[in-house]
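Trainee: Residue strings, one per chain:
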Amino acid sequence: MVLLLQYTLIFAAVLLLVALGGCFTEHSGVINIGLEGIMVMGALGGALVMRFLPYDASAATLATRFGMFGLVALASVAVGMLYSLLLAVASINFKADQTIVGTAMNLLGTAAATVIVKSMNTAANPDDHSSEIQYGGPKSAFISKFGTFELNWFVILAAVLLVVSIIVLYKTRFGLRLRACGEHPQAADSVGINVFKMRYAGVLISGFLGGLGGITYITVGVSLWKFENGVAGFGFLALAVMIFGAWDPIKIAGAAILFGLFRALGNVHAGIPFLASMEIPPAVYNMLPYIVSLIVLAFTSKKSRAPKAEGIPYDKGQR
Amino acid sequence: MSNEHYAIEMLHITKRFPGIVANDDITLQLKPGEIHALLGENGAGKSTLMSVLFGLYQPEEGIIKKDGVEVTIRNPNDATALHIGMVHQHFKLVECFSVLDNIILGIEPTKAGFLRKAEAREKVMALSEKYGLHVDPDALIEDITVGMQQRTEILKMLYRDNEILIFDEPTAVLTPQEIDELMEIMRGLAREGKSILFISHKLNEIMSVADRCSVLRKGKYIGTVEVANTTKEELSRMMVGRDVEFVVHKDPAQPTDVVLDVEDITVASKMHSNNAVKNVSFKVRRGEIVCIAGIDGNGQTELVYGLTGLEPLKSGKVIMNGEDITKAPIRKRSVMGMSHIPEDRHKHGLVLDYPLEYNLVLQRYFEPEFTKCGFLRKANIRSYAERLIEQYDVRSGQGPITMARSMSGGNQQKAIVAREIDKNPELLIAVQPTRGLDVGAIEYIHKQIVAHRDSGKAVLLVSLELEEVMSLSDRILVMYEGEIVGELDPKTTTVEELGLYMAGAKRMEVQ
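First to last, the sequence lines map onto chains A and B.
Counting with our numbering, you get residues 13 to 331 for the letters of the first sequence.
Counting with our numbering, you get residues 984 to 1494 for the letters of the second sequence.
FYI, nobody ran anything at the bench for these hints, they're computed from the structure.
Some hints could be false.
What the hints assert, rightly or not - Among the chain B residues that face chain A by a calculated CB cut under 8 Å, a handful are:
no.	residue
1	Pro1059
2	Leu1076
3	Ser1081
4	Asp1084
5	Leu1098
6	Glu1102
7	Ile1127
All figures in this text were calculated on a predicted structure; none of them were measured in a lab.
Think of the CB as a built atom: it goes at the ideal place given N, C-alpha and C, for glycine as much as any other residue.
The shape of chain B in the complex, shown without the other chains (with noise of 0.2 Å):
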């Protein structure tokens, strides 16, 4: 194999940080005009190595090729000069710029130091038209799609002749179609002789796309495969180190007092000027899971904010245990026994700038376990702390005092899970609670929230990805445009009749 010509070698590269070796000895060959992907759980160095790669990080040991000849890559300018492009996990993007502008940022045509943009433009559109990336160049990144702007930053990478292209998570940010078109646009790419790195660890998306995997595991490299020799669950056991159930088991349930009563409610939009949900009513019973399906954008975030007290409602009322708390606030939802697992994770589930330990007490910093007098009583925040982190499973540099942007996606959403589940709440609304995880940490937070249920709790699931409802949820209530519009069992329903539900094309009376 030794004469076999690679676009991009990574070989034994090795990468600390304070309290962790986020890259140990990895070797990462890519072939070019190949998809490979790199797989691996949240915080097994992914990453890290492509910011290697990137210069962004310098290893501490480890050399790169680029066609068969050593390279140093000392900061990003040196890896475009190579030929290599990022899209970034977090779009690096000026919102307030036109596509145009972002993408000739940095290698700007110019004539005496003025912008030559007609220029870029023909170049763009050229670029947009050969590899089917319609985008429309004069329009503000704030203003368009999360779609467009990844579609932006694939321009970036092509403005600037790359040959290698790395996608750092791509499709942790989009919606299913928008998914399906990324990988449509990654097989153009490919086939036009341009080398991707695909960083995931969602086994359909490698296995629909992919040529070749190469897995990390906790910062070591395990091997790597051809995808058209292999299962999911073979990628699954090399990522995780054992076998992982994809399947979710669990008793029937068996629901009984109402916890949560919603009445008739409705919220406004902030996007426009109709309801966002619209006369909404339906119970969770303890001892059971409902799920509210839909596709993303029907009204679940606004029906969640005005469950959870971050909207004010237009009408209706929300009853939990009895009592009216249409118009209570945060904390005594709170305290009463409602937890909060967020959509935003950033916006509403952390303080990004707070240590861990803090952000794990959030809602309870309050209560004489944690402040005595008014005095914080860190010694039982960092104890508390200690045992979330261990037993949830939160990797960080530096255990409780990691501060909470430092941490990586997956690990944030864990550290927020383990917060609002171990409240041990009455009623647990979680939105999109696997968002962003790995195949094990997802296994281990569906065995969460099923032994909630068992113990006697409701909980309200909030979902887009359609297997998580199916495989979750005991019933499943369908909003489409702000308005519930079925009402199904998962026993007896197909995938395809709740697809119907959610695209509108079906509906039934619920009462």
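Excised from the complex, chain A in its bound form (with noise of 0.2 Å):
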């Protein structure tokens, strides 16, 4: 039970960072299908600081490890933000079809991370054809033990952002004017509102986010990662989670505690007795989250209202 609950907790905490990445994104007006590139891309930067940088976990202190934690966390950002400004040129600047755009980068961000990992490999050691990277040391810098339970403290980050986002969405001047662009942005225009640098920012805030989720999904994993496998489509799960969530950070929150303890389930069943009993083989398991998404979403993506202007280039001149 333990393990479920760390397990849910991680996941939800992946979905929420993501999923509020492409809200934030959404509510500028831009439609975000890139967050998966996004998140590998993220997830790339943190692991390649976790392996480059020297770490001795027997060594660490309190302030060692933070130091570890904060540059893991920054370099997924920077990397994260890095790569979301593809989206950002393309579709603010150049007006191009976003969903295109979007999902260019989901091919192109898996593939990228396998090439980089496999010729780093390759270049260290001429028979090492893999696109692994271990991180078993330095992972541990920022996780805490209770008994048995794993805290990651990038679980606790997603929490803190949840509550930054809640306020910066809805009670200051930038929320305002950001969620008026992707509403209406001849009326943020006609006011004065730069539609182009709201937009900008909030693609880049999707960036933020999606390499955090990016660099805390891949945490998951005992001490190495497989980017050939990407991150196994949380970004499309993270998007059903912001629709579900009707682009609300609260609701979206609830959304991705649901979710994850449905992905959580896959990774635990063998170890409840009531589940393992029922002999159900653990591919159905895995396959939950996004069999649930597809029932959930065919039901209450009708009524979650999408921000009106997403998916439209700013056009001065339209009327």
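Both chains are sitting in their own frames, so use the hints and assemble them into the complex.
Mentor: Quick look at the structure:
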């Protein structure tokens, strides 16, 4: 049961972070299908820091642990934001179709990460053709153990960022303006708000949160991550969470916990006597979050109201 | 006159767009505290001129002076800084925001980036009290009436301490009562020293509220007159360039066979659980114009939806030329000779992101003239579109290939009228066919409708404008709360009597 809680929290944190990123982008009026790609790139950034930064787990103090955590997070955020610029430049400056740009980003993300890691591994050891990065030691820097329960610091960060997101979206000038750009950019423009800048901000925030989500996701692994696996569709699952959560951070948090729980079942069902006794094939549990998202979206996506102007490049001349 | 003080002056403004000179050497001078009307036909360049003043467009030539000092207005921020504000024809309001959020958007009072709504609310309440603009600051825009949305727009300008207020065709979307209220509000604002630019093509409104009036025609400046020293006729002559007849000339109707037979129909309402149309029966014959009169929202919209097939009927029958079309699809009705000029031209009239030529063949593209073996015959479509554009004087930047969205509202309406009348339908259902049009275009469309009747076809007109109802129809059916409460003859009835029926104060048994 402890394990179920632990996994639910970590998966929920991933979905929450990424869905919040999507939420900011879409409130600014840009559809962000590319979250999956952003996650992979963010994860790569963080994993490289863990791989190359010298870190001795046995001699770690709280300060060095914090330092490691900070640097890993920072690297993920930086790479994620850099990568999200692709979406911003293509869809805001060049008015490209946002769905297609996002899809391209997803394809590119996993592929590029795999190529980079493979060539790195091969350069170090000509016989090594894997796309794995080892991070067993450094990872322990941001895991706190309470008995058998392992608390990943990224879960706490996600919770903090949830509160920050709610405040930013609904209590600040920035949030009000951001949402106006996603609903009625002409109205925002007519009162002197720079729609392009706000949309850039929306996309970059998704790079920030998506990158964090990516690194959080791969630290679920024990000591290494294979980048050819990407992030197993979690970017898309986060999109489902965002839609199910009606573009509202609080509802998104609820949805993330629900989906996280189903995903966690896939990891721990063998440890729960009642579920284990039913002898359902493990594949079914692994499918659960995706099936649930299909069903849930089929019933709720119609009622859920997306920002009105999302997906439409802003054109000053249009009436 | 050189020492006369002006609040704002636009001198020799020229603005060109691809294929069109929207403003050609236009001069406009606004005195402090006056209501200055800007009159012109659809596409005369009024909206463009105001967009220049508001910083949305940059003019190629000409200068703008504020209080005698030359200024440059590059964007709406500059305009706001100069205390120029505008109520756009299509409101610039975020629908899922509250009234208050919309008012403060762009100049939010904040402390360290956090909104301070309490402060804003106080100021808004004070303004709404002072100018009699009553709105609920916490209501969402999508939940309030168009009139209240407009008040929100006015409050937006006042909240920014604007001195020069531009109203771009503010009455086009309002009910008669709301128009009266708006006129009162505008007079109040002028009394408080605000200068108002009032863009309109409705002569009655200009005569009633404006002090002076400047007239544009086809992008050119015609002149400025004192409203007190002019007449409606003179203004319309300046605007259109010829004499306009306000009276529709037509011979007495000679109705013959029944074209449309409506038997006891009921249509559900989308707004509430009651039926919007309750057991309505009437007939429309060849050679007559039957008008459904009534105050907006008494079931006219739903009645038309039911007749045209946009909504299913709950009960009753619709028979056209002897054939029961109660359950017929819209295409079939159209092919049988039913034309429909819809109430909402954006929703049901046009595909806004199609070029004009495709919009003109929307109901006919499948005919052999326009399609061969499943492929469009583009040359035929183009020449057909060019003929309609020529014949109905539809003005647009690039002719047949203009995107419908980029056309002015009046010309969009003309395009729809052209398409529907040119089909030479057995039955023309026209819902507010002259909405948003200037007098010249109204005169033209009225003539077309009468000519259609005279060619032995039937016309069902739905109109909210009493003048139109009285002058155009041969028979008036008054609708009140979903029922037909009176049948009147426009030759023997009066506007007052019609008003009593429309308000539900009087009713007769109509078979």
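Trainee: Next, verify each hint and record whether it holds.
Mentor: Against the structure, the hints come out as follows:
Residue-level restraint check for B:Pro1059 holds (minimum Cβ-Cβ distance to chain A is 5 Å; threshold 8 Å). For B:Leu1076, the suggested interface contact is upheld, since its CB lies about 6 Å from the closest CB of chain A, less than 8 Å. This hint is violated: B:Ser1081 has a C-beta 11 Å from the nearest C-beta of chain A, more than the 8 Å allowed. Using the Cβ-Cβ criterion of 8 Å, the hint placing B:Asp1084 at the interface with chain A is satisfied: the shortest such distance is roughly 6 Å.
With its C-beta approaching chain A no nearer than about 6 Å, B:Leu1098 sits inside the 8 Å limit, and its interface hint holds. A hinted interface residue such as B:Glu1102 counts as satisfied when its beta carbon comes closer than 8 Å to some beta carbon of chain A; here the least separation is about 13 Å, so the hint is violated. Interface hint at B:Ile1127: violated, since its Cβ lies 16 Å from the closest Cβ of chain A, which is beyond the 8 Å cut-off.
In the structure shown, a violation is registered for the earlier hints numbered 3, 6, 7, in ascending order.
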